[in-house]
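Participant: Protein chains in written order, with our numbering: chain E, 9 to 350; chain Y, 9 to 350; chain A, 9 to 350; chain R, 9 to 350.
Hint data in this document are derived by calculation from the structure and do not stem from the laboratory. Check the hints yourself; a few may be wrong.
No copy is singled out in the list; a pair is fine if it fits within one copy or between any two copies.
[As the list claims (entries may be wrong)] Below, computed lysine to aspartate or glutamate pairings styled on EDC-like, alpha-carbon distance capped at 16 Å:
no.: 1; residue 1: Lys-219; residue 2: Asp-272
no.: 2; residue 1: Lys-219; residue 2: Glu-344
no.: 3; residue 1: Lys-235; residue 2: Glu-123
no.: 4; residue 1: Lys-335; residue 2: Glu-103
no.: 5; residue 1: Lys-346; residue 2: Glu-37
Number of protein chains: 4
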Amino acid sequence: MRVGVLTGGGDCPGLNAVIRAVVRKGVQEYGYDFVGFRDGWRGPLENDTIPLDIRAVRGILPRGGTILGSSRTNPLKSEDGIRRVKDTLAKQEIEALIAIGGEDTLGVAARLSGEYGIRCVGVPKTIDNDLSATDYTFGFDTAVNIATEAIDRLHTTAESHMRVLVVEVMGRHAGWIALHSGLAGGANVILIPEQRFDVDQICAWVESRFKIRYAPIVVVAEGAMPKGGDAVLKDDSLDSFGHVRLSGIGEWLAKEIERRTGKDARTTVLGHVQRGGTPSAFDRWLATRFGLHAIDAVRDQHFGTMVALRGTNIVRVPLADATARLKTVDPSEYEEAKVFFG
Amino acid sequence: MRVGVLTGGGDCPGLNAVIRAVVRKGVQEYGYDFVGFRDGWRGPLENDTIPLDIRAVRGILPRGGTILGSSRTNPLKSEDGIRRVKDTLAKQEIEALIAIGGEDTLGVAARLSGEYGIRCVGVPKTIDNDLSATDYTFGFDTAVNIATEAIDRLHTTAESHMRVLVVEVMGRHAGWIALHSGLAGGANVILIPEQRFDVDQICAWVESRFKIRYAPIVVVAEGAMPKGGDAVLKDDSLDSFGHVRLSGIGEWLAKEIERRTGKDARTTVLGHVQRGGTPSAFDRWLATRFGLHAIDAVRDQHFGTMVALRGTNIVRVPLADATARLKTVDPSEYEEAKVFFG
Amino acid sequence: MRVGVLTGGGDCPGLNAVIRAVVRKGVQEYGYDFVGFRDGWRGPLENDTIPLDIRAVRGILPRGGTILGSSRTNPLKSEDGIRRVKDTLAKQEIEALIAIGGEDTLGVAARLSGEYGIRCVGVPKTIDNDLSATDYTFGFDTAVNIATEAIDRLHTTAESHMRVLVVEVMGRHAGWIALHSGLAGGANVILIPEQRFDVDQICAWVESRFKIRYAPIVVVAEGAMPKGGDAVLKDDSLDSFGHVRLSGIGEWLAKEIERRTGKDARTTVLGHVQRGGTPSAFDRWLATRFGLHAIDAVRDQHFGTMVALRGTNIVRVPLADATARLKTVDPSEYEEAKVFFG
Amino acid sequence: MRVGVLTGGGDCPGLNAVIRAVVRKGVQEYGYDFVGFRDGWRGPLENDTIPLDIRAVRGILPRGGTILGSSRTNPLKSEDGIRRVKDTLAKQEIEALIAIGGEDTLGVAARLSGEYGIRCVGVPKTIDNDLSATDYTFGFDTAVNIATEAIDRLHTTAESHMRVLVVEVMGRHAGWIALHSGLAGGANVILIPEQRFDVDQICAWVESRFKIRYAPIVVVAEGAMPKGGDAVLKDDSLDSFGHVRLSGIGEWLAKEIERRTGKDARTTVLGHVQRGGTPSAFDRWLATRFGLHAIDAVRDQHFGTMVALRGTNIVRVPLADATARLKTVDPSEYEEAKVFFG
């Protein structure tokens, strides 16, 4: 059996760990051959490949990024895309394809698999943890650790200067990183895209914090929005990977807090630092297990599925389920966190 | 309502996060008063308390250890222990007790609750992650991160010197830390207490590794044992907290590997470093949620229960379930890891 | 002897370590009493003090920030400032003052000492490492470590997306953080305030990097400026601590690179994360030694001096020397780094 | 010009950074060719080489270990060693040799250079920081950071259990790691090889610490010895790299403290974890600068010299000076630290 592997979408710690596990088990236990496609779906579209064997995956477990490269190319939106992908797979004699990616990458896999008979297995990947059908995605734990360490550091500066610090973290549509790092970092306010926020309420929390001689840390997801406000983020502020540009909600909020409370307020935008570099132990473990189970799904000819985490088990779910809806923060879980606000 | 809180057993990152969450929610939302008992069950036994209010829990979220102190005192084994605990609770007008601890501490809580009518809620705590009824315990993720970082560092030394490095990690009865950190760290052999190991097999893996000009890392849980071997660990090598003494299975194994293969082999015993210091983001999040749900269980008068993690939800389970049996590594999960051995 | 202690200027890891060392040695070896002044020179100006004894400094060694608070209040610019400071010192029976701070804070100490007979000893503090008369200041090593870790993480994202990443680090007038973290992080271009940069040259380096299938990391100090360009940073973009606002040179540069090369370019502004949190081991060691030597200077009645690092020794230098001129990056040291550009 | 490069002695973070800087500058600025010798002096002795060009040094800056491998082979102790080294250099047309190593490796370089006309430039390397003629060696800062982080973690466990924790760190002949990490970590006792210790005094410090309800951390260098005691460390407890075996002074001391004070005492031996893995920013900077200056010394035909750090400058010193005597901890610097004991 000859198996293709590709990684699509934004960078995410753990991609290499998936690739390594797929190849190690595929070669050693099942005797498969592998072909790496370069830069996500651009690889099969343009027949751009790199060798992928045991040697190629040596030493990559602790490294961030992806040895296969990534892109947001969508063959469904390319002229004659489906046929070109099929041609490449035929030329390369690929019998199965493992696609590692987020909503977009897996959405393509779901359609290629469901409508065009291309035999795909998916591995979910998103820093934002907003894919339904899996408890967690790898990369998320690393991002939360990085954001939490940053919040830890900012506390001392906030106290020393009696200043409000606004920390903007990733999360365009879901507030998981904000919620987890905010709770873990002891933030005084956490704002998520799922619930519009009230600037007056935030200012009240900020002021109550100063009254006990502490300085507030406000953690805000990049996709959070004020109540009744127009879109603070303009569409043209997104880059080609759908990442938000620097000057976003955090900057806006700091200015508002400063204007209304008269307190000094500053913003830190963590940005790309959250999505690169060595994965946390949890993410390496999860990514490795995802890889091992993805190649098992190939062996079982269980195509059109995606591996997913449920509790401590890896299960298989229909690819379509993964991308059917966004997994957003449950209102009750957000409510729970509010005891620490203010 | 007046609520007592105690922490028992070995140190574990996240204890303070539980205490903080219990007190913050208990005071702010339910108007409860709190009494801290010092050093686990020794506190109620000897009526040794410390004040526990909002001020006392400020700033403790990121700190390892426990502001309440800990011990392995067991009132069930103390003369007249039950009566003395009851007397203290009466004197202190305690209506409910939150016990944060592992098998032993919760075992006491289960019996006090079941047989003596003392109203207890439990919070599970073990570095080793070997409590049944919960997917994870806090402290485990921190320990795995620390062990993984150590393994990362040891790789370069192993390669530079072409030497076998044996890393002994915690885990007397369950191999969770070994399995997770070994997988995450790219170990070449992982040995767990659940399965006796074959030294000849290990030596074969070690030698196959050298053949491709890499040097092996062997991760061994402190409780792992060789096949057919007598107890390598003597009983008198345990300290009063049940921790194993330094010279253990890792040292023994390195010598055996050296003797049989003729390769240099060294041991690193991570020891207490795994159980102290600031908790990982995951552990802070889990410990915080455990605390919030424990005080909810008190409010609901849902005594005799323990909070537990199931998937991404916090649930309540009977205290007795938690301590009924050890949660050991599933053979199939260990089998899965073997693709990376050798 | 009764000694006052104050910390002024921006937050800096190691301030607490200095305070602890001063108090521990002052109390234990010399039997001195201490008074902490709150928020830099605002404390003596407004007679705002906090108790400062052995108990107050317990456990603060690893903590960022300052237990005394900080501000940029300048008594020389306050009406009747000198007299008010003198009054406070008389009222509090302070015989010597230890001022821990940067150019501004020590500048005040130098004048109070030289012109007004107030007995001061200075301890140099600046994240930016730009104080002359000392090889290093504490806080700098921590900032460089944080920036280097961020650059490490950004490398993988740059490669995965074949994108330019611009990292803006601290350094308004001196490029030490940029130079050290850029060298340590393997940056492909390092830009410092001491030398105006040529955007065309940067674009050439950027493009040569892409030709070998790597993606460039550009490290830029916040105070760096393009050749012949107008001031990119407006004066009103500075906050009350003299810190630059978010939207600065990094953002400007990324847009220029994108415009000229057609490559995707993104900016990460590390900001306040560089100046908070636990100090590195080097900074704790340096800050501790500075503290021990500062109290020795008090005992020796060696006022008007500042402690400083020379090689591995702590020496005393005239306070005036420390603030006479900025210590900027030596052109030859910057030249040396250029072998890694492109 | 064709230049050979070798790395000898124990693993040390920063070796790869030196190699990279040497090759980058040598190739790009001077047009030199390079030959890597494998495993220290074993390489020239046995004519065992690996290619060393720009491509070979890509991406190695942040990695611990050495891509050239290491050993403690000494050609002066090998039969006909000098001739065999000379033969290899002739065969490989090597005109200059850069030797990166500690006392032993540089000692060989000094003699080959001084007595046998082999053109050598040395780069000092020792985790222990005990080479004279340089303020610091790379690897030391990383080791101190790792040890300090471990001590930070151990504090919370010591307090939670009211237990003495003994931390054994590297340092057979010099106590630099113990002194710096002990100061930075807030240890209560620091023991170094330079001064025999008095167990009774240690027990007194330990007990005074418990009196104020804190638990002591004792940092002990592996080469420290009790007063009047016989050698606690047997000669046969050293491995072939001169590293001490696990069961050493730390274990012995914990037992003594336990026996004399009746307090629980445990040992953590940090071991190899201190010498592997990614270098700190300081070590990357220092190693990089050492490499740049070493290749400059080659270009200047300034053989028989070693690069060294003096303050913030890199200088050249005679190779013989570096190995003439051990740089041990100055008694006054150790005395200074004692204010924190007990």
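Participant: Against the earlier hints, flag every one the structure doesn't satisfy and list their numbers going up.
Facilitator: 2, 3 and 4
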